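Chemist: One letter stands for each residue in the lines below.
There are 2 protein chains.
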Amino acid sequence: MQITILGGGGFLGQKLARRLATDAALDGRPITGLTLFDLQAPARPNAPFPVRALGGDVADPAQVAAAIPPGTDVVVHLAAVVSAQAEADFDLGMRVNLQGTLAVLAACRALPKAPRVVFTSSVASFGGGQDARLEDDARQLPGNSYGAQKAIGELLLQDASRKGFLDAVSLRLPTVIIRPGRPNKAASSFVSAILREPLLGLETPLPVPEEFAVWICSPRRAVEWFLHAMAMNTASLGLDRGISPPGRSATVGKMLSALETVAGPAARRLVKPAPDPAIEAIVGSWPGSFTAERARKLLGFSEQESLEEIVQAFIEDDLTATKAERSL
Amino acid sequence: MQITILGGGGFLGQKLARRLATDAALDGRPITGLTLFDLQAPARPNAPFPVRALGGDVADPAQVAAAIPPGTDVVVHLAAVVSAQAEADFDLGMRVNLQGTLAVLAACRALPKAPRVVFTSSVASFGGGQDARLEDDARQLPGNSYGAQKAIGELLLQDASRKGFLDAVSLRLPTVIIRPGRPNKAASSFVSAILREPLLGLETPLPVPEEFAVWICSPRRAVEWFLHAMAMNTASLGLDRGISPPGRSATVGKMLSALETVAGPAARRLVKPAPDPAIEAIVGSWPGSFTAERARKLLGFSEQESLEEIVQAFIEDDLTATKAERSL
Ligand SMILES: NC(=O)c1ccc[n+]([C@@H]2O[C@H](COP(=O)([O-])OP(=O)(O)OC[C@H]3O[C@@H](n4cnc5c(N)ncnc54)[C@H](O)[C@@H]3O)[C@@H](O)[C@H]2O)c1
Ligand SMILES: NC(=O)c1ccc[n+]([C@@H]2O[C@H](COP(=O)([O-])OP(=O)(O)OC[C@H]3O[C@@H](n4cnc5c(N)ncnc54)[C@H](O)[C@@H]3O)[C@@H](O)[C@H]2O)c1
Chain A
1 MQITILGGGG FLGQKLARRL ATDAALDGRP ITGLTLFDLQ APARPNAPFP
51 VRALGGDVAD PAQVAAAIPP GTDVVVHLAA VVSAQAEADF DLGMRVNLQG
101 TLAVLAACRA LPKAPRVVFT SSVASFGGGQ DARLEDDARQ LPGNSYGAQK
151 AIGELLLQDA SRKGFLDAVS LRLPTVIIRP GRPNKAASSF VSAILREPLL
201 GLETPLPVPE EFAVWICSPR RAVEWFLHAM AMNTASLGLD RGISPPGRSA
251 TVGKMLSALE TVAGPAARRL VKPAPDPAIE AIVGSWPGSF TAERARKLLG
301 FSEQESLEEI VQAFIEDDLT ATKAERSL
Chain B
1 MQITILGGGG FLGQKLARRL ATDAALDGRP ITGLTLFDLQ APARPNAPFP
51 VRALGGDVAD PAQVAAAIPP GTDVVVHLAA VVSAQAEADF DLGMRVNLQG
101 TLAVLAACRA LPKAPRVVFT SSVASFGGGQ DARLEDDARQ LPGNSYGAQK
151 AIGELLLQDA SRKGFLDAVS LRLPTVIIRP GRPNKAASSF VSAILREPLL
201 GLETPLPVPE EFAVWICSPR RAVEWFLHAM AMNTASLGLD RGISPPGRSA
251 TVGKMLSALE TVAGPAARRL VKPAPDPAIE AIVGSWPGSF TAERARKLLG
301 FSEQESLEEI VQAFIEDDLT ATKAERSL
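One line per chain: the protein sequences are A and B, in this order.
Going by my numbering, the letters in the first sequence line up with residues 1 to 328, in that order.
Going by my numbering, the letters in the second sequence line up with residues 1 to 328, in that order.
Hints are supplied without guarantee of correctness; some may be wrong.
Remember, identical chains collapse to one label, so a pair may be satisfied in a single copy or spanning two.
[Said to hold, decoys possible] List of simulated lysine to aspartate or glutamate pairs, EDC-like, C-alpha gap at most 20 Å:
1. K185 with D27
2. K297 with D276
3. K163 with E280
4. K163 with D91
5. K297 with E87
6. K185 with D317
7. K185 with E280
8. K163 with D89
9. K113 with D57
Worth flagging that the hints you see were computed from the coordinates, not collected in a lab.
For clarity, every value in this text was computed on a predicted model and none was experimentally measured.
Extracted from the complex, chain A is given alone in its bound form (with noise of 0.2 Å):
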């Protein structure tokens, strides 16, 4: 099995990565060599295949096409801007989130044979609200650019899999807590800073009320996710290529109820109430919960950890490597 991962230097792209390298397989058969390509060349895990990290931008369809070679038969498309960069950088979000799908699409439709690919869209390309439990045919209606670009996404590579170009599943990820490292420009980079800082001891503030709830998932779960969607039959998806896999619906307050049972009372008093309407804005307009029927009782895909259990991974497996990373 030959591997692209692109935004391979990225959260979830490093994670997978890594995990491959443990694996050194995926379902059942040996990898032979696996690509990761970022903005910048990306950190390289050590691994019984080799690996080649390559730097360059997403949107240009000649380097995406270098990172994509005769051969591939799994690329993970993982390179966006994010959420809050999209909203405030509109060019810049265009060009990374659809140009870049655009390129994808044509350097797997110049493979010899149609690779699979999976894309990460996202809960963003859907309105609703905190009050919605969305059905997995919901019509995505994203109140923000970043989702408008994730629902354009799927639809280009729903196309492409019809034509045969290629083999697409797309996983519209949740909020995926704890994110390592530093607050991001996600709009929902919250989600995780209350978590991750009163860890590392460090006071944040909590723009939304204690009710508010997210669809969220864990890193473990997503790298799961992943590797089922690398090597699942598709031939039962038909033409709906988007997946809404099975996160959870959790309230700020149960989330924080997790984080005081797992590391004590003054942990949870470093969160401050700081309420931000922009924040709330952008967030509240994504749906609180899906059914996500098709991909637990259809597909196979996992279920999620407990909170308590999501918290403690994060101190298992990025609690160090974040404190260095910010000096802590």
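Following the hints, complete the assembly by docking chain B with the ligands onto the known chain A.
Modeler: Then chain B with the ligands, alone, in the frame of chain A:
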């Protein structure tokens, strides 16, 4: 009012241009200029205001910008590669239907004042098939590249409206009958042909059974809808710029009965059953009906005439010109 029609040389563009020339005003405001843009410079109607006719490619940003000068109040974006052609030539469809709409977005965004943009999406952007009766918030899961490109156009223009770059109304047009002139490369071409060709005294194949249902509208109604969409107050649309206007669900058998009522049994006998699974596969994936509640009850879009009136209107409006064009 300064108006631009992109695709102004086509079936509906020419009808709209002639109507604007006759009315000389839109919603009570005098028209001060009209630009018609198409691959070849379109025919210009006699009008009491200046009419520019430009030849160019809607996928070329500079040519589109020249067609949408500062001061433009309304852009009607009809330029498109139709269904069967976009299916046969993927690159052409992507270039005209996707990159073309991106060029329109860029040109409108560059204007000092955000113009109204009327975009023609299509019933082909939906799946569901013959038995479907789709609600206004139905998901667009197109089974053809043309429909995917139209659904993408809706997402682009909806997001650009939210950002204030332009002010879009996207009409998901039904199959417009009776199209004058020659059969074209739309998969739905036969729906007009089974009425037009007999009125010209010509035999024509019927690729689907008589029970086959099609969501149709008349060209007179489509032009009324354009005028309404060009001037309506869009405040009530909110985020959702996609409108399914009140077409009519009609079986082929009902259409042929209307033909017989207007033109006699000899006309109907010119329609020869000739099953074509390729055509039926494309058109059969489009929904046979929509509720169109929002357009009908909230937004004031007008209803269809009877099928007999639609046949009669073709005889009044288009039969002579079609005979001349085809030297009949
Ligand atoms: N993490 C989440 O909560 C979440 C939720 C929903 C969807 N997603 C999506 O999942 C994917 C991965 O998420 P993540 O959290 O790892 O994001 P991330 O921001 O950590 O990684 C994305 C990577 O894309 C790279 N990138 C940006 N512009 C690029 C360009 N022009 N060329 C090449 N690379 C470029 C970035 O450098 C970054 O390393 C993204 O597509 C994201 O939109 C993530
Ligand atoms: N007529 C229908 O039944 C129907 C149904 C649904 C949607 N629509 C949509 O409504 C619009 C108008 O329909 P119509 O029946 O008048 O179509 P049409 O084909 O008669 O007109 C479209 C025009 O676009 C022009 N065009 C194509 N490529 C171009 C390019 N690269 N640059 C500039 N112009 C280009 C064509 O020359 C043509 O004159 C189209 O967007 C169509 O997709 C039509």
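Chemist: Now look at each hint and say whether the structure bears it out.
Modeler: Consistency of the hints with the structure:
1. K185 with D27: So K185 and D27 fail the 20 Å test inside a copy (34 Å) and across (44 Å) alike.
2. K297 with D276: neither (38 Å within a copy, 38 Å between copies)
3. K163 with E280: Between. Shortest inter-copy distance 18 Å satisfies the 20 Å Cα cut-off; intra-copy 40 Å does not.
4. K163 with D91: Classified as between: cross-chain Cα gap 12 Å, same-chain 29 Å, threshold 20 Å.
5. K297 with E87: For K297 and E87, neither the intra-copy (35 Å) nor the inter-copy (34 Å) Cα distance is at most 20 Å.
6. K185 with D317: neither (22 Å within a copy, 57 Å between copies)
7. K185 with E280: The answer is within: 14 Å in one copy meets 20 Å, while 48 Å across copies does not.
8. K163 with D89: between (33 Å within a copy, 11 Å between copies)
9. K113 with D57: neither (24 Å within a copy, 33 Å between copies)
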